[in-house]
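Novice: One-letter residues, chain by chain:
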Amino acid sequence: MGLFKSKNNTHSDEKKSDKYYYASQWGLMARKFRKHKLAMGSTFVLVIFYLTAIFGNFIAPQGTEQYDGKFVNCKPTPVHYFHEGKFVGPFVYGMKTERDPVTFMAQHVEDREKICRIKFFTQGDPGGEYKWLGLFPSNLHLFEAEDGGKIFLFGTDNMGRDLFSRVILGSQISLFIPVVGMLLTVVLGLAIGSLAGYFGGWIDTVIQRLIEVVRSFPQVPLWMALSAAIPKTMKPAQVFMLMTIILSLVSWPGLARVVRSKFISVKKEDFIMAARISGAPGSKLITRHMIPSFLSYIIVDMTMSIPSLIIGETTLSFLGLGLRSPATSWGVLLQETNKLETIMFYNWKLIPMIFVFLSVLAFNFMGDGLRDAADPYK
Amino acid sequence: MDNVLLEIKDLSKVYESKGVNVKALSNINLTVKKGETIGIVGESGCGKTTLGRCVVRGIDATSGEVLFHTDEGVIDFLKIKGAQMRRYRKDIQMIFQDPYASLDPRMTVFDIISEPLRYNTKMSNREIEQAVDRITDQVGLNKAYLRRYPHAFSGGQRQRIGIARSLILQPKLIVCDEAVSALDVSIQAQIINLLEDLQREYDLTYLFISHALSVVRHISNRVLVMYLGRMVELGETEDLFRNPLHPYTKALLSAVPQPDPDVTIDRIVLEGEVPNPANPPSGCPFHPRCAYATDQCRKEMPPLKEYDGRLVACWNIK
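Residue numbers (my numbering), protein chains in the order written: chain A, 1 to 378; chain B, 1001 to 1318.
Some hints could be false.
[What the hints assert, rightly or not] Simulated pairs of lysine-lysine, DSS-like, Cα-Cα distance not exceeding 30 Å: (1) B:Lys1081 to A:Lys268; (2) A:Lys70 to A:Lys339; (3) B:Lys1143 to A:Lys32; (4) A:Lys267 to B:Lys1023; (5) B:Lys1081 to A:Lys284; (6) B:Lys1122 to A:Lys284; (7) B:Lys1250 to B:Lys1305.
The hints are simulated quantities; they were obtained by calculation from the structure and are not laboratory data. These numbers were taken from a predicted model, which means no experiment stands behind them.
Produce the entire structure from the sequences given, and follow the hints as far as they go.
Specialist: Encoded structure:
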């Protein structure tokens, strides 16, 4: 017995390992997650995306309803630092319109004579007012070109709207619909899955069959049918809510299955029986032992389900069944790309796709890292 | 009958799956006296773990009674519920085989050990802390480690945590389900000594389930041999080990390794495998592997008969 009490560790050794020994399950997971470089990088990317979305109205130079008929289908504006070899700081050249001598298409080219410096933290043009988080009215924007200069970092669309602004404002929809939809999915999946897993028997059978029915619907037509039911006169905010509901109605069965199988497998664990023998009532058994034991897996599953929701929202909007202009999302922006013309002449309009791609990839990598971290003993 | 603690009567457990009934436990009858240790042995799948789990109500028995003798009279532990359950739950506890799977990895050692107190008593936090302190001392755990999580401990230490958890309610009966099988031999000895010390101190009664025959011989007062969910032989430990009556017991005991190289033992090597409990053989379940099997053995189930102070289920012992 004394063997265990007089551990002959040196002091420094004990100090070093103490942190590990006292680490909770979550502590161990965080440790493991931090070692996953790709997942950490992805998390960083996602944090930036979401911060940009939250401060979107401030970062975007234009609001969703602003446009400029003079600058239709403008190329991305290059930002310069040097004018004729002299450093002037960030600026853009003024723009003038020319006709292409061969195709006779109107083109916007830089006017090398006119330097418009970029100012930061400026009051925007009239029409750029917004309410931050729907609460604080403001017209403060991150940057603006002086003297009527125009900055279109990602170019403009066929109505002269700044694509950079629209990508950022669109991310407010495209990045938050999946999160809200996922939360709904979790509520549905957790409730239904735990019912099936904990009680088993005929309840389980009924729920299993229901899941199979829901899953055997082809996803896109189902989305289309449901979205077609959204009245066209609805406000964007309401459309947003309805879309999250539609997306989560289609995606809960996956999570319900995970929860069910976890319940069934954890029910047989020794430590659950041990808790029952020590007199734990059913409610404590579920909340103190069962749910914590697979919570990490649910979080992983949640993270992994966000990409499909992002794609879902994009698909719906792309098909014209989700939000409609002037409200914007990445899918709405990509609607314009369904013409050959776009790819030939205005390929910058494909930029929103990069963001869909990046966010889906980042969520997948983060999910990978979380999954590896979820089981710290392996 | 004053010092009887527990009477297991006709305890059976049938698993049903897809129309096939598997009789994991058939008609177990066992009277356990206060303060004694009953070893339960048999090969894998003979139902010894099922027996232990049914007694503590870790799983529900199909039929039978577990009569628990309390100060207020005899109660059927398998049928009590509600307030009575809350009252007597703590008296019958269990030590698990796998010290890794039986501790919730998400709780600190302190939480694990104190959990039963929170469900069964109305102790204040201070009292709980004192109780945990006392018990960790007794099982030989360092108090400084109480805030750690189970992953920081070795198998032997974890088993001590499990023992502390089952002891903290001061139970009357502990089912030790292969409590030392997962441990190194040296640690086994420590844990066995610990269990013996605790038994003396608290007047504990053990149902000691194990396949390690030498350990059972060391710790038990009486031994129950099981085969295919049935009782085969029950007797005083030394009698049974010196002179096994049932052919199965003989074969089982001959498998014990001898530390003395000069002692030659006639190993009885059993032919064949344990029959499928879903489709048990007719008559004596052991007859397909028994060297002495007669026609009677093949047709009729032998009853458990008293012979020389022992209970044996065999037709050939007269």
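Novice: Could you grab the alpha-carbon distance between Lys1122 (chain B) and Lys284 (chain A) and see if it respects the 30 Å cut-off?
Specialist: holds, 16 Å
Novice: Are Lys1081 (chain B) and Lys284 (chain A) close enough, with their CA atoms no more than 30 Å apart?
Specialist: holds, 17 Å
Novice: Next pair to validate is Lys267 (chain A) with Lys1023 (chain B); report whether the Cα-Cα distance is within 30 Å.
Specialist: holds, 22 Å
Novice: Could you grab the alpha-carbon distance between Lys1143 (chain B) and Lys32 (chain A) and see if it respects the 30 Å cut-off?
Specialist: holds, 28 Å
Novice: Is the hinted pair Lys1081 (chain B) and Lys268 (chain A) satisfied, with a Cα-Cα distance of at most 30 Å?
Specialist: holds, 22 Å
Novice: Decide if the proposed pair is consistent with the structure: Lys1250 (chain B) and Lys1305 (chain B), CA atoms, cutoff 30 Å inclusive.
Specialist: The given pair, whose Cα atoms are some 17 Å apart, holds under the 30 Å limit.
Novice: Please verify whether Lys70 (chain A) and Lys339 (chain A) have alpha carbons no more than 30 Å apart.
Specialist: Satisfied, since the Cα-Cα distance of roughly 22 Å is no more than 30 Å.
Violated hints are absent here; each numbered hint is respected by the structure.
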